[in-house]
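Those sequence lines, one after another, are chains Y and B.
The numbers in the working numbering rise by one with no breaks, and the one at position 70 of the first sequence is 70.
The numbers in the working numbering rise by one with no breaks, and the one at position 237 of the second sequence is 1237.
Treat the hints with caution; some may be incorrect.
To be verified - With a straight-line cut-off of 25 Å between C-alpha atoms, the simulated DSS-like cross-links for lysine-lysine are:
#, chain 1, residue 1, chain 2, residue 2
1, Y, 307, B, 1305
2, Y, 236, B, 1040
3, B, 1228, Y, 307
4, B, 1213, B, 1228
5, Y, 236, Y, 130
6, B, 1305, B, 1318
7, Y, 465, Y, 499
8, B, 1134, B, 1147
9, B, 1153, B, 1228
10, Y, 236, Y, 336
11, B, 1306, Y, 307
12, Y, 336, Y, 307
To be verified - Which residues of chain B face chain Y? A partial, calculated answer using Cβ under 7 Å:
#, residue
13, 1025
14, 1027
15, 1064
16, 1090
17, 1091
18, 1126
19, 1130
20, 1324
Claimed, not checked - Just a sample of chain B residues kept apart from chain Y, beta carbon distances all over 10 Å, derived:
#, residue
21, 1002
22, 1187
23, 1303
24, 1365
25, 1412
Source of the hints: derived by calculation from the structure; they are not laboratory data.
Cβ atoms here follow ideal geometry from the backbone N, Cα and C, with glycine treated the same way.
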Amino acid sequence: MALDRHAYHALEDIVGPEYITQEPVVLDTYCYVWANEVLVGDKFSARPVAVVMPEAVEEVQAIVRVCSRFGIRCRPFASGFETAALTASAPMLCVDMRRMNRIVEIDRKNKIAVVEPYVSQAALFIETMKVGLRPNMIGAGPSGSVLAGTAAHFGSGPTNISTDFGGRNLLGIEWVLPDGDILRLGPVGAGSAAVNADGPGPSLRGVVRGYGGANGGLGIFTKCAVKLYPWYGPPKLTATGGPPNYGMEVPGNFDDYCVVFPGRAALSNFMHLLYEETIAFAQERPGLPFLTVLSTGSNDELYSLVKDVPEEMAALASYSLLISLDAISARELAYKRKVLGEILRATGGEIVPVDEHVRGLLFNAAVTAQGTARAAFRAAGSFIISPVAEESIDSVNAMGARAEEEIVAEARASGKVVAHPPEPVWSVIYGSDGCGHLEVITQYDPADPASCNVTRGIAQKADAKVAEWGLGINLLENALSFEEASLTAAAAHSVDFVKWMKRIKKAFDPHNVAESAFYVSPEP
Amino acid sequence: MSLDTFRDDLMRCTRCSYCKWVPHQVMSDTRFLTGCPSIKRFNFHGWSASGRVIASLSLLKGRTEITDRFLDMVYQCQMCGACDVSCKVERDFEPYEYMLALRARCVEEGAMLPEHMDVIDGLRRQDNVLGQPKARRGDWADGLTVKHLPTEKAEVLFHAGCRFAFDESLRQTVRGGLGLLIGAGVDVGIMGAEENCCGGRSYEMGYVGEFAKYAQHNVDTWTTAGVKCVVTPCADCYQTFKVLYDKDGRQHTVEIVHLTEYLARLVKQGTIRMRNTVPLTVTYHDPCHLGRLADPWGHWEGERKKVRGQLLIHDPPKRKRCGADGVYEAPRELLRAIPGLTFVEMHRIREYGWCCGAGGGVLEAYPDFASWTAAERLDEACSVGAEAIVTACGWCKRTLSDAGNGNGRGLQVLDIIDLVQQAL
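Using the sequences provided together with the hints, build the complete structure.
Shown next, in the form of structure tokens:
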């Protein structure tokens, strides 16, 4: 579908000719995102009519108004490293936020940073380390957008045990509403005086994010304020070695471990205690499988390492965690080590011995989330997350087990997905309430139609199973599907969640200007 | 390999954008996080390795045709290989090879940039990529007492390369380089007007046939001349001789050495003694072709197969070539050996160094982009307090010098040869 020429000229007038394109091949680079082949059956989803690249909120505002006037849907793109960046509607305009890449402010006293959409986690971390602070790190890793992971998408990651997930870190926002109005909330609107959540005033955080983030479905966020946390490491990290397995010097006041447990119950008990004792800087499950990927530079190395491991030993790998401790002093670190030792003893956990290089890799993975992309994608080319659980620690671990029995085992036996040890999950604990977050991981080959089919089957089965179990979330991590039909099916099991989301969408975007895929349409 | 052979891998990019940045472990300053000049300058995703991977798939699927803008997207890239290093930290992927194949595909389909066609025309007529008269290729050495091969015999062939041979602004440097070897008593000779292009630039532009012609000719020439070692001050020639000829299956027994490596040996042996103080704070610009792109080619024969369901492996295992084994230490050893010189590193160095801007046919087709890229590098050098940026390649020196002219930075652009000469 071609863009109306009047609309094109209107957009060109806003951003200038260098920052708009209708070239088919360039447009194709915006409708190819990971998992398209599972979601829409092809690497390419609907081709957008154009891509524009604004530099300021006023330009975004003008772009949204043009979209509204000409009946074009729009969706912001930050890094585009997410299934939710899918292009689904026609005509649709991609708004690439790449030029809005400024760290607006780091308020050391109030522990707040204000960033534009294209500020990566890596960039913000580099700057905050200099003043003894750090942000939440989402699992997408260092290239992920801070704004996307905080305001627009879920935001789970390895440091969640000490920072909580993205939704708890959003303090304010600059928001271009679908009608083109600009709304500024929290420190973004009121300056960086100390504020409570996104106040003063009534909070709109629930509206902005819903459960898992609106993924662009409510307009375009052009700034967000995020919470920062104390950083006890040096002002700058020091890499060692070379590619592909750079190491990292571990500061004296950090400790990093891989721990294994004799079974799921012991693992759950340990996770409860780890949360209660508030000693951890970072934590993620699984430990051993992640460690083996981190410490190998290629699939060839990985296979050489694991191919002779007996099945019963490999099975234990599921019940393992990576844990990092940080401390402001040697005494505090000694205390945390002691506590860790005690709760390991109480739960039957054991520390896996690692050398200094691997310890550096664990440290890096904990503080920057580096390595999750390798762990997710290197094996076969792609992966999906389905189902997901967002419940108590015991519940999420139970769902991992049920998913293994009722969904994953059969798929594994087909040989069409990567055959992990049982319970292939990624899981973290949220520090504020001890809630668990668990994602069932399926790795598949996007170039192999049979592999894609089996993976699609897993997602479909998960849709049905979470309703049957009354536990978990269906496809991906947003409680939302890109398909209206799936949403309708989920509505009966969602305690009016879908109904309320639709009401919010209708109130803020009655004409559905903001792309609805991975959010909700305003239709009842 | 043709683009079609990579079809499956083209479907496995996940658009993570790691190819745009230097590896995250080595990021040190938020001003200098990007590794890819192309995406930094042109912004749209197509101007990244991932974008070109997607474009390749789009082309293979018949979704797009090769237009002028398509060619801009393909060729506004120095083929510096920074993307390849960063991608391989996370993935078993070969973005550099896919991009080479895309260029070759464009040429096969007759979709060529006029500026590149001029270069290739000049190459065909004059055996150099600058289109200069072949008869004058040896003029740079006029007045030097040196053996001329193959009429005379020498153990070491000094190969100047097209840029050093014809660029008068580099004349003092290349003569100095040869002079250092002669002064050290090395049994060295040159080919003079009979020297030919290495073919590397044509390879990067996608003209694979031209490359093959020069590869065979040069290997035959070395064999006929009976040289044991080819020394070149040009990073592009070095990479072409050492890596691309090997990749292309050209058999020879000649040792390929960059001049900085050779000089570092001579310094270690005590044959060259640097006694003069050079009171200058310098930083070193790693030429892409001497650094990451010079990582030796790894020949591998076997099968790519799936185990444990869909885990993709090579059988037998294949070495991952990710830039770590380029020439990084020899130039630094030379700089550290110069009395009085203060050496400071930039933020993007070694396998994750920022390109000078000249490679891949960019200097010829998009000179403004080349100059912009070089200016970024000069700014980085200034940011670490350097008074001079030192490199080890004629292409880099010329491009950095041109970008530095009249911009008020006050930064000198030097080749290591210039500094070694000063220190003698």
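Query raised in the report: Is the hinted pair residue 236 (chain Y) and residue 336 (chain Y) satisfied, with a Cα-Cα distance of at most 25 Å?
Result: 24 Å, holds
Query raised in the report: Can the hint on residue 1025 (chain B) be confirmed by a CB-to-CB distance to chain Y that is less than 7 Å?
Result: 4 Å, holds
Query raised in the report: Are residue 1324 (chain B) and chain Y close enough, Cβ to Cβ, to be under 7 Å, as the hint says?
Result: Given a least distance of 4 Å, the restraint on residue 1324 (chain B) holds.
Report task. May I ask you to check that residue 1412 (chain B) keeps its beta-carbon over 10 Å from the closest beta-carbon of chain Y? Result -> 28 Å, holds
Requested in this report: Take the C-alpha atoms of residue 236 (chain Y) and residue 130 (chain Y), compute the straight-line distance between them, and say whether it is at most 25 Å.
Outcome: Roughly 7 Å separates the two Cα atoms, so the pair holds.
Requested in this report: Check the non-interface label on residue 1303 (chain B): least C-beta distance to chain Y beyond 10 Å or not.
Outcome: 12 Å, holds
Query raised in the report: Is the Cα-Cα distance between residue 1213 (chain B) and residue 1228 (chain B) 25 Å or less?
Result: 22 Å, holds
Query raised in the report: Straight-line Cα separation of residue 1153 (chain B) and residue 1228 (chain B) no greater than 25 Å?
Result: Given pair residue 1153 (chain B), residue 1228 (chain B) holds - Cα atoms ~11 Å apart, limit 25 Å.
Report task. Mind verifying the non-interface call on residue 1365 (chain B)? Its CB should be farther than 10 Å from each CB in chain Y. Result -> 18 Å, holds
Query - 25 Å limit on alpha-carbon distance, applied to hinted pair residue 1134 (chain B) and residue 1147 (chain B) - result: 19 Å, holds
Report task. Given the hint that residue 307 (chain Y) pairs with residue 1305 (chain B), test it: the Cα-Cα distance must not exceed 25 Å. Result -> The hint holds at about 15 Å.
**Report entry** Interface hint outcome for residue 1126 (chain B) [beta carbon to chain Y under 7 Å]
**Finding:** Hint violated; residue 1126 (chain B) Cβ to chain Y Cβ min 35 Å, cut 7 Å.
Checked against the numbered hints above, the structure breaks hints 3, 12, 18, 19 and satisfies the rest.
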